[in-house]
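Novice: One-letter residues, chain by chain:
Number of protein chains: 2
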Amino acid sequence: MSEKRVPFSLEQVNALAKNHPTPFYIYDEENLRGNIRRLNDAFSWCEGFRNYFAVKACPNPEIMSILKEEGAGIDCSSMTELILSEALGFKGEEIMFTSNDTPLEEFQKAVEMGAVINLDDISHIQSLDNINYQGDFACFRYNPGNLRGGNAIIGEPVEAKYGVPDHTIVEAYQLMKDRGAKRFGLHTMLISNELNEDYFVETAEMIFELVKRISDVLNIQFEFVNLGGGIGIPYRPEEEAMDVKSIGERTQALHKQFIVDQGLKPLTVYLECGRFISGPSGYLVSKVRHVTEKYKKYVGLDACMTNLMRPALYGAYHHITVLGKEQEARNETYDVTGSLCENNDKFAINRNLPKVRPGDILAIHDAGAHGHAMGFNYNGTLRSAEFLMRTDGRFEMIRRAETARDYFATLNFPGNKWSVF
Amino acid sequence: MSEKRVPFSLEQVNALAKNHPTPFYIYDEENLRGNIRRLNDAFSWCEGFRNYFAVKACPNPEIMSILKEEGAGIDCSSMTELILSEALGFKGEEIMFTSNDTPLEEFQKAVEMGAVINLDDISHIQSLDNINYQGDFACFRYNPGNLRGGNAIIGEPVEAKYGVPDHTIVEAYQLMKDRGAKRFGLHTMLISNELNEDYFVETAEMIFELVKRISDVLNIQFEFVNLGGGIGIPYRPEEEAMDVKSIGERTQALHKQFIVDQGLKPLTVYLECGRFISGPSGYLVSKVRHVTEKYKKYVGLDACMTNLMRPALYGAYHHITVLGKEQEARNETYDVTGSLCENNDKFAINRNLPKVRPGDILAIHDAGAHGHAMGFNYNGTLRSAEFLMRTDGRFEMIRRAETARDYFATLNFPGNKWSVF
Chain D
6 MSEKRVPFSL
16 EQVNALAKNH
26 PTPFYIYDEE
36 NLRGNIRRLN
46 DAFSWCEGFR
56 NYFAVKACPN
66 PEIMSILKEE
76 GAGIDCSSMT
86 ELILSEALGF
96 KGEEIMFTSN
106 DTPLEEFQKA
116 VEMGAVINLD
126 DISHIQSLDN
136 INYQGDFACF
146 RYNPGNLRGG
156 NAIIGEPVEA
166 KYGVPDHTIV
176 EAYQLMKDRG
186 AKRFGLHTML
196 ISNELNEDYF
206 VETAEMIFEL
216 VKRISDVLNI
226 QFEFVNLGGG
236 IGIPYRPEEE
246 AMDVKSIGER
256 TQALHKQFIV
266 DQGLKPLTVY
276 LECGRFISGP
286 SGYLVSKVRH
296 VTEKYKKYVG
306 LDACMTNLMR
316 PALYGAYHHI
326 TVLGKEQEAR
336 NETYDVTGSL
346 CENNDKFAIN
356 RNLPKVRPGD
366 ILAIHDAGAH
376 GHAMGFNYNG
386 TLRSAEFLMR
396 TDGRFEMIRR
406 AETARDYFAT
416 LNFPGNKWSV
426 F
Chain G
6 MSEKRVPFSL
16 EQVNALAKNH
26 PTPFYIYDEE
36 NLRGNIRRLN
46 DAFSWCEGFR
56 NYFAVKACPN
66 PEIMSILKEE
76 GAGIDCSSMT
86 ELILSEALGF
96 KGEEIMFTSN
106 DTPLEEFQKA
116 VEMGAVINLD
126 DISHIQSLDN
136 INYQGDFACF
146 RYNPGNLRGG
156 NAIIGEPVEA
166 KYGVPDHTIV
176 EAYQLMKDRG
186 AKRFGLHTML
196 ISNELNEDYF
206 VETAEMIFEL
216 VKRISDVLNI
226 QFEFVNLGGG
236 IGIPYRPEEE
246 AMDVKSIGER
256 TQALHKQFIV
266 DQGLKPLTVY
276 LECGRFISGP
286 SGYLVSKVRH
296 VTEKYKKYVG
306 LDACMTNLMR
316 PALYGAYHHI
326 TVLGKEQEAR
336 NETYDVTGSL
346 CENNDKFAIN
356 RNLPKVRPGD
366 ILAIHDAGAH
376 GHAMGFNYNG
386 TLRSAEFLMR
396 TDGRFEMIRR
406 AETARDYFAT
416 LNFPGNKWSV
426 F
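Those protein sequence lines, which keep their order, are chains D and G.
Using the numbering used here, the first residue of the first sequence is number 6, and each one after it goes up by one.
Using the numbering used here, the first residue of the second sequence is number 6, and each one after it goes up by one.
Be aware that a few hints might be false.
Identical copies carry no separate label here, and so any pair may be met within one copy or between two of them.
As a list, the in silico BS3-like pairs of lysine-lysine whose alpha-carbon atoms are at most 30 Å apart [claimed, not checked]:
(1) K422 to K301
(2) K422 to K292
(3) K360 to K301
(4) K114 to K23
(5) K9 to K360
(6) K270 to K217
(7) K292 to K114
(8) K422 to K217
Hints listed in this document are in silico derivations from the structure and should not be mistaken for laboratory results.
Work the whole structure out from these sequences, hints included.
Specialist: The following block contains the structure:
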């Protein structure tokens, strides 16, 4: 098995760990910038292209600010994400608000910020009426249902809670047109972490055809399509990274065929990738507390599933490197666990690794998306710090570790009255 | 399908919701006290019996204090759980510290508090040496491995990260005896949420036989066995509650046969039930934001999987009552979802309910264990408040809701510098 490269050394981690106990996250600025630049390059043929970073993947202000410097927009789905984006200077249509089952106050906030409001459901039109929406924009999330049910890759859009079904999508735009909408966008997001390039091309074709259909019926012009995210990353060392250049070129050809050559306005393409951007740049770094043999061999870490839930929740694979032992043969087989009283608390099962000893430092790869963001406090565990490795090699703390006071902040007990601050 | 009773009314919730927006948890003090009393009664034959409440199920100080009043001990597995237990007045052997992959500072804290230290692994003896442990107590968690692998109920102890395997359990006690241990306990915990009474009786028999084996080889006397938790609750309305009285009686008979009649010291039986105690007493109360029809019918709540993760993580069933519609026929079929951008965010799939309308209040049952405790902040969501319904019907806030300030507390961005307080 080929080894996946780690951009920092054991010595660097040990220096950092002197002042900041493990576990912690490290993000690689160079990788982060490289990922967004690759995506921007792949779609540079498209005037106004923008990737709206799905902030739920990694809601850290420093990460968001770096992506802003690289021209990314931000995809928000909640009040706190809107507040944070506003504080970081994201403005107006740099923000896309894509939410489902949405409370009025979040629509209100997004409208006040001038964000592009992407409606998940035809009933959301009533929500806009309720907040007296005066904007001229109309954008809906489209769910093709069984129209794409034949493709095993896609999963089952018909089982998804998201989006406007095919049989009401025209009506949805009609209703907004009746309310005075003059600018139109169309969004879809059907899959997550997909590595088959054809899937994205098929989605682009589906959406471009839908644009033509709706435009013809309602005599409207679309300004943009948002093709969603879902571009996967190679979690396993034998997997290959997506060729986004090729996705960009094939999308361009379809854009010419279905939009430009059809005499439609040359609309802008947007994406909302999160994982593709921040996933590979993040590592969960953890120290080995103990190595033991029971009925199987176990490596017990100082991190646990509260730091990274994906293996427990999705059965996800995350590659593991034992720092300083990159060149050693993976001759041992371990379950790599955390310390929770919860049997799902395993980062890896039957994983081949070099011989591991207590005190070894492990880097768990591809933790930069839906990693710390899904952190929790089960068993009274505390969420960890995050560090950014700058392009010049400096490490900068971009989130402090939680303390017991944070954990107790919402409680009232002797010596701790709600911890109101 | 029979309806499960909810101890509070729609009117009561509406009154509460005037000042405290949904979603929130409500715990029923009467039910909570009833559960612990039933367990205490079932084992009242056993002098010194104690249920060590597994605090990870519901780490709320008010819940813990009520259980303390009822004579419960507390089962801790982390530093914050020890700190909280100490603040609430749990003392010495009222605390059992059962942890795996444990850092030294947590052993140190537990020893300082005089807790019963329950060792998960033979390597933990070295940890006690490292903190210069001077106590005279030795207790290990036992994992029978394949010795109980034939029973489909149990799962696979041989795949579990917990406990001392059968082939080293005698050696483990020998090593502690050599270090001067004079008091001995034995613990096991093999399963979670089990509704088959026979399983618990078989575990008791296994443990009593093991006590005899170790006692004979090492010439030691055990003071207690901790038979663990795992007593399930009837999440589904067609399931029946466990007959703990019967478990108690059958355990008593085995205790006589394998301990007393064998001339062994009449050791005390402990349990460490969490779910059985607090699970049925807790409800997640949530308001319907929208009801919509796509390819399926959806009820969208103001709660989401960040409030209650069990359905997404375990595929768990939680019964749902539409308050005020308890008597209506369940003629509609819905997916009941939250608002996350995460397709697992469903409390129920294809659930039969009365016709639901926006503004309806739903009570999600049996959320009092591993409910709020597993809460998280994905998509920037905030964890909810908890209320206790006192036996006199008053509602008392026992945890405040999180605010955006809590969510941002560990970050540094314009207008929010680490929120250090």
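Novice: Tell me the hint numbers this structure goes against, listed in increasing order.
Specialist: 1 and 8
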